[in-house]
Amino acid sequence: MRTSSKTVYLRLNPAVSTESLAENALFSGWQLKAYAFRKERREFYDTFEWQAFENEVAIVKKRRTLFLVDLKIGKETASIPFPTAPSSFFADALSPGILKAALSTLTDIRAFTRLCSIDTIITTYRILDDNEKSIALLTSESLCLADTEKQEPFVHLFSLSPLRGYDDEMELMVTSLTNDDNIAKALDFRELFLLIMKEAGISVHGYSSKINLDLDPDAPVHESARQLLQFTLSVMRANEEGIKRNLDTEFLHDYRVAIRRTRSILKQLKGVFEPEETAYYLNLFREIGTRTNELRDRDVSLLRQGSYFHDLPPCLQPSLKLFFTDIAVSRKKLHKQFCHYLASDACKSFLDKWEAFVHRQSVPDPEHCPNASLSTASVAVESIKKAWKRVIRHGRQVSEETTDSELHALRIDCKKLRYLLEFFSSIFPHKSVAPVVRQLKELQDNLGDFVDFSVQLHFLRERLAALPPGKEETLLAASMGALMAILFQKQEEARGTFHKTFEAFDHEKTAQLFHDLLKSKLK
Amino acid sequence: MKTIALYSIKGGVGKTAAAVNLSYLSSLLSQPTLICDLDPQGASSYYFRITASKKYNSDKFLKGNKKIYRNIKATDFENLDLLPSDFSYRNLDIELSEEKKPQKKLRKNLEELSEDYQYLFFDCPPNLTLLSESVFAASDLILVPLIPTTLSIRTYIQLQDFFEANKLDRSKIRPFFSMVEKQKKLHREIILEFGDGPEFLAQSIPYNSEVEKMGLYRAPLNAVLPNAPASKAYRNLWEELRSYLE
Numbered sequence: 043m044r045t046s047s048k049t050v051y052l053r054l055n056p057a058v059s060t061e062s063l064a065e066n067a068l069f070s071g072w073q074l075k076a077y078a079f080r081k082e083r084r085e086f087y088d089t090f091e092w093q094a095f096e097n098e099v100a101i102v103k104k105r106r107t108l109f110l111v112d113l114k115i116g117k118e119t120a121s122i123p124f125p126t127a128p129s130s131f132f133a134d135a136l137s138p139g140i141l142k143a144a145l146s147t148l149t150d151i152r153a154f155t156r157l158c159s160i161d162t163i164i165t166t167y168r169i170l171d172d173n174e175k176s177i178a179l180l181t182s183e184s185l186c187l188a189d190t191e192k193q194e195p196f197v198h199l200f201s202l203s204p205l206r207g208y209d210d211e212m213e214l215m216v217t218s219l220t221n222d223d224n225i226a227k228a229l230d231f232r233e234l235f236l237l238i239m240k241e242a243g244i245s246v247h248g249y250s251s252k253i254n255l256d257l258d259p260d261a262p263v264h265e266s267a268r269q270l271l272q273f274t275l276s277v278m279r280a281n282e283e284g285i286k287r288n289l290d291t292e293f294l295h296d297y298r299v300a301i302r303r304t305r306s307i308l309k310q311l312k313g314v315f316e317p318e319e320t321a322y323y324l325n326l327f328r329e330i331g332t333r334t335n336e337l338r339d340r341d342v343s344l345l346r347q348g349s350y351f352h353d354l355p356p357c358l359q360p361s362l363k364l365f366f367t368d369i370a371v372s373r374k375k376l377h378k379q380f381c382h383y384l385a386s387d388a389c390k391s392f393l394d395k396w397e398a399f400v401h402r403q404s405v406p407d408p409e410h411c412p413n414a415s416l417s418t419a420s421v422a423v424e425s426i427k428k429a430w431k432r433v434i435r436h437g438r439q440v441s442e443e444t445t446d447s448e449l450h451a452l453r454i455d456c457k458k459l460r461y462l463l464e465f466f467s468s469i470f471p472h473k474s475v476a477p478v479v480r481q482l483k484e485l486q487d488n489l490g491d492f493v494d495f496s497v498q499l500h501f502l503r504e505r506l507a508a509l510p511p512g513k514e515e516t517l518l519a520a521s522m523g524a525l526m527a528i529l530f531q532k533q534e535e536a537r538g539t540f541h542k543t544f545e546a547f548d549h550e551k552t553a554q555l556f557h558d559l560l561k562s563k564l565k
Numbered sequence: 470m471k472t473i474a475l476y477s478i479k480g481g482v483g484k485t486a487a488a489v490n491l492s493y494l495s496s497l498l499s500q501p502t503l504i505c506d507l508d509p510q511g512a513s514s515y516y517f518r519i520t521a522s523k524k525y526n527s528d529k530f531l532k533g534n535k536k537i538y539r540n541i542k543a544t545d546f547e548n549l550d551l552l553p554s555d556f557s558y559r560n561l562d563i564e565l566s567e568e569k570k571p572q573k574k575l576r577k578n579l580e581e582l583s584e585d586y587q588y589l590f591f592d593c594p595p596n597l598t599l600l601s602e603s604v605f606a607a608s609d610l611i612l613v614p615l616i617p618t619t620l621s622i623r624t625y626i627q628l629q630d631f632f633e634a635n636k637l638d639r640s641k642i643r644p645f646f647s648m649v650e651k652q653k654k655l656h657r658e659i660i661l662e663f664g665d666g667p668e669f670l671a672q673s674i675p676y677n678s679e680v681e682k683m684g685l686y687r688a689p690l691n692a693v694l695p696n697a698p699a700s701k702a703y704r705n706l707w708e709e710l711r712s713y714l715e
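Residue numbers (our numbering), protein chains in the order written: chain D, 43 to 565; chain P, 470 to 715.
It is worth saying that the hints were derived from the structure and are not from the lab.
Mixed in with the good hints there might be a few duds.
The calculated label-pair distances, taken between Cβ atoms and stated as ranges, are [what the hints assert, rightly or not]:
#	chain 1	residue 1	chain 2	residue 2	range
1	D	Asp210	P	Asn560	23 to 29 angstroms
2	P	Glu580	D	Asp558	50 to 56 angstroms
3	P	Leu498	D	Glu535	33 to 39 angstroms
We put the beta carbon where it would ideally sit given N, CA and C, even for glycine.
Using the sequences provided together with the hints, build the complete structure.
Structure representation (structure tokens):
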């Protein structure tokens, strides 16, 4: 009894009984036959960034199986055995198959965490036609939140799944049922999903680390800056829980980016806030950032495990295993330390103080903050222009040898410019911002690669220097040497393409894009 | 996808009963199975209580893949679907003769189904026509139920001669005795004389009045009366086929 691709969910008017549903759904000669009754727990999963939902799929665990469900048609498109219901899992850890492949394309870095558990009481009926042939399954489902005191169903619905080849008959039934709003309303799986999330108190799409503000170009810049700072603070707060629960590396990553963005605003918008206060917060944010550096380094190393193993010949791989075990152990310790700090009174009171600051309504003292009342637009234009010129100036100064320190410094300049473009993007027309960011991104990618390789090299060099003598260590040293050779080669490649990449950025066409942006009619 | 045709020039030899029960047994092993009813009488469709959609006809069947795909219907059994026949199939031969390569038509038309099904059974109409030739080309195995009577054997020899004359692969043909009544001397003698042939399947299907009652249950015998003697015989026959195919 294979059901077709489409399941229709119907939300029955509470006043209507199952019997009258049957009366309305069935044509003459058709009948309803009870088929099965069962209780089922369903667990819903997604990443913190809703990557499954974004791609129109839901991940549901039921009957010891994990299903991928198409949000539009409610069809289960892939499944794998999944006997347990972990609070989170990575796509990488699943057994191979279509489902694993699908989740891996959604993300290979984010954990899929359990959103909520739903208990469902299910009664299935077969709809038989006048030949007594089953043509559809009618399932009555009562849903309630699992593990809560309130065990009352929050929704009662019917799903109608036609058997393969009987879609026409189902269309007729659905039309006949939904013709009259007093009987039932069709509900697609997406609506049902949203209903479940709402009941569980979960806001779908409640998180994005991307800046999505709607700044007013005429508003005084201190107000806009506060809006930005409120946003970066909200990102920090949103990621705390995930960091503590150790779900995946991206919580800490986003947390760090939020700190960097915060510091960047404070540093680049000079004369907007009290200098003394600004210095105080900058200092403390630097401290929090520093506390996360080593932890992030370990995360990055562990994330690179796969490619390191891939780069080495099989004879050198075993020694690397131990190396990564050590990294994982030290990461655990660092994670614990940082969580301890996050829970400390010092950290909490600092962030509370900061929260009060970003929500402060009063106009900063004009004597200490001469730029506070300038319009957002003028500050945006000026600061972007300044940052852009700085990138051009410093980039042109980079020598033929393109030393490490030159590229490191230029990368930071680029980042500052990028942050400004992101902060103020909402006041510019999208079509002017996007091409500028695209050009900048190419340069940033080149510099990012370079710095990335140099950080890895540095990390390996330090580890190598600290290796005690021993037989096993000799092998490990050989592996590290091999990796360093590869990384060095890649780093040199990135260095080698710098001047060409920069030339493309320091080009008339790019300059024109910046001019267009800075002169564009603001929203 | 393995394709098995239930075929005989002669009618009333138990083709449909074998197609329905063997396909059901195949589906029990969680192997997606399709039974394709090619007989305009639509007996196997009837056994599964399925009628073709009003829009479906031999034209659509000849158009192939997508048109066919859309008209496949689920039976009441897990993993078993059916492509119903339509009365218009009685003209399939004429329509086929207007096609470019009629012998290859069926195989081409069912190509896409191989992704969905592991086993495909044809329930063929009794005759030897262009459609039969198309079935021969599309099948991995041609199962021929034979009632142990002179006429049945005669048609079987006709079939072999046809294959010979047309240079078709004779090794695809696997006969088995059907509707066997051991108490009849003639049945016993014919089985003795021909049953040893290497192409003959060892398992035969006994005559069982329950098989006729499938028309009342409108379901495979193996699903309704799994312990009936004929059900057991179908089970053994399926096992024999399976080990041969694998």
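Comparing the hints with the structure gives:
1. In this structure, D/Asp210 and P/Asn560 meet the distance hint of 23 to 29 angstroms, their C-beta atoms being roughly 25 angstroms apart.
2. Separated by about 55 angstroms at the C-beta atoms, P/Glu580 and D/Asp558 satisfy the suggested range of 50 to 56 angstroms.
3. The given range of 33 to 39 angstroms is broken by P/Leu498 and D/Glu535, whose C-beta atoms sit roughly 55 angstroms from each other.
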